[in-house]
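**Student:** Now for the letters of each chain:
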Amino acid sequence: MGVDVGVTDRPRVLLDASAEGARILRCRAVLSFRVLFRVIFRVMLFGFFCVVHSLWAAVLPEEKVEVLYHQYAESDQDINGPAVLVQKRIGKKYSLTYSHLVDRVTGASVDVRLYASPYVETRKENTLSATHLFPKGTFSVGLSQSVENDFEARSAFWQLSQETFGGMTTVNLGFSRAWDEISRRNDDAFAQTADRWQYRLGVSQVLTPSWITSVALETITDEGYLNNPYRQVRYLDASVDAGYSFSAEVYPETRTSYALSIFSKYYVDIPGAVGFQYRYFTDSWAISAHQFSFQYNQPWRDVWEFEGRLRWYTQNGAEFFSDLFPFGSVNTALRSQNFQARDKELADLTSLTVGLGVSYTLKDWGGKWADDLQLNVFWDRLMVDYDNYREVDRQLNVAPGLEPLYQLDANIFRLFITLRL
Amino acid sequence: MGSGMMGLGKKQVSDGRVKRQYRRGARAMILLCAWIGLMGCSNLKPWVKPYERDRLALPYMTFERHDLAGGYMHHAYQSREAARGAEGGSGGGCGCN
Chain A
15 MGVDVGVTDR PRVLLDASAE GARILRCRAV LSFRVLFRVI FRVMLFGFFC VVHSLWAAVL
75 PEEKVEVLYH QYAESDQDIN GPAVLVQKRI GKKYSLTYSH LVDRVTGASV DVRLYASPYV
135 ETRKENTLSA THLFPKGTFS VGLSQSVEND FEARSAFWQL SQETFGGMTT VNLGFSRAWD
195 EISRRNDDAF AQTADRWQYR LGVSQVLTPS WITSVALETI TDEGYLNNPY RQVRYLDASV
255 DAGYSFSAEV YPETRTSYAL SIFSKYYVDI PGAVGFQYRY FTDSWAISAH QFSFQYNQPW
315 RDVWEFEGRL RWYTQNGAEF FSDLFPFGSV NTALRSQNFQ ARDKELADLT SLTVGLGVSY
375 TLKDWGGKWA DDLQLNVFWD RLMVDYDNYR EVDRQLNVAP GLEPLYQLDA NIFRLFITLR
435 L
Chain B
15 MGSGMMGLGK KQVSDGRVKR QYRRGARAMI LLCAWIGLMG CSNLKPWVKP YERDRLALPY
75 MTFERHDLAG GYMHHAYQSR EAARGAEGGS GGGCGCN
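In order, the protein sequences belong to chains A and B. Using the numbering used here, you'd call the opening residue of the first sequence number 15 and step up by one each time. Using the numbering used here, you'd call the opening residue of the second sequence number 15 and step up by one each time.
So here's chain A without its partners, still in its complex pose (with noise of 0.2 Å):
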């Protein structure tokens, strides 16, 4: 089954000077495209404050405390930890919002076990936001930190909402800039950063008294250190027992990727709500990518709320991943690409996602100091099947590039409660 996929997938980043030129003059064109964008963005920004003056009012966010335990749980992987969020607003016209996320990571991936051994660490998430509720809309800003031992990322955010057409029209304008700082463990010399900034524009629309539909588009660009660390690149070597070895992936330093989705949600006299999403994803990395979503909610008795979720997600993965190369990273004399990665977050995949969701609200449970309590029960179930991936195992006795392709399965735990101020 897997034998046509093998060590001469994918040679299609050749060193040659046309490959080279055509590559430089595709970045040449993302540049420009970027420059192009950051103007109209730019023009948009200063057309919404002058243009957009119309009716209706916006909302502040709800005040709330959410408290939140998570679980991501593969067959060689743990991710758990908590979460909280709190949401307060200040007099009539702002509200701050302040986050705190740990994740602890137990194992290892399937890649990570071949040259690594399971390992442990925390990360901290910590975002804090305010919003400024004017007649029309709300402008918020906000900053984010996530350390790790040998990862650092920050970044700064604001966001534009503003209504129009009678309210039945709300346009987003959002943007983003963040600085990573890569280091690596048992290696005081390794340093290394990585930039990036994110335009996001949305328009939401009331299209019947049952229907809203939303309309996103966003752009991120990076620049820098992409590569994980750690990850390396499996390449064909005769002269060991197993007939492959490891060598250090190298990436490109830039990337430009573009997401636009489409969403709708319809009020069904149930009474429930349908909701779908479709999304369209393509990058500077040749990566591209189709999502659906479909999602039902159910509430009964007033107080019960049932949610089911089905997602379904294929990616065409990056020009310059393969399971295995015919030479490695460190022979760039032999070495077929000038880039090469075995990440299989850039292989040739299909997801699909089941979920369900049970929320129970306790009704004016805070007396005169809060008011609902919900408590809430998500779970899905991930699975991701890999065209071009193959699970190495060193104790099978399997030809190179004859290995089986790799399946992940993992559930997704959230339980959290949420009480509304």
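Just so you know, the hints here were simulated from the structure itself, not pulled from any lab data. Misleading hints may appear alongside valid ones.
Said to hold, decoys possible - Calculated cross-link-like contacts (lysine-lysine; reagent style DSS-like; alpha-carbon spacing at most 27 Å):
hint, chain 1, residue 1, chain 2, residue 2
1, B, Lys-63, A, Lys-106
2, B, Lys-59, A, Lys-150
3, A, Lys-106, A, Lys-377
With chain A held as given, fit chain B onto it using these hints.
**Tutor:** Relative to the frame of chain A, chain B by itself:
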């Protein structure tokens, strides 16, 4: 990299393709801007009145209802898939943020 550029003429077939894509993207953005601008001055009247939006204001009619749990799922997908961006719906509910 330098040697790759040496043999490259300024007029390339792919150059034209890239420029076409670039122009197409620019045109789409300008049309979008024009549409948003025109919405403010057209004669089209809002056809769903505020008092008709009670269904849209129901909690389960919002696109992204649970901030923490929804954000966590986006993070989980981003760590297993290459796609990123435009995950959540903008606005939702009664069309009032």
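**Student:** Does each hint fit the structure? Answer for all of them.
**Tutor:** Against the structure, the hints come out as follows:
Pair hint B:Lys-63 plus A:Lys-106 holds up; C-alpha atoms about 25 Å apart against a cutoff of 27 Å. For the proposed pair B:Lys-59 and A:Lys-150, the alpha carbon gap of about 18 Å is at most 27 Å, so the pair holds. For a cut-off of 27 Å, the pair hint linking A:Lys-106 to A:Lys-377 stands: about 25 Å separates their Cα positions.
Hint check: no violations occur; every hint is consistent with the structure.
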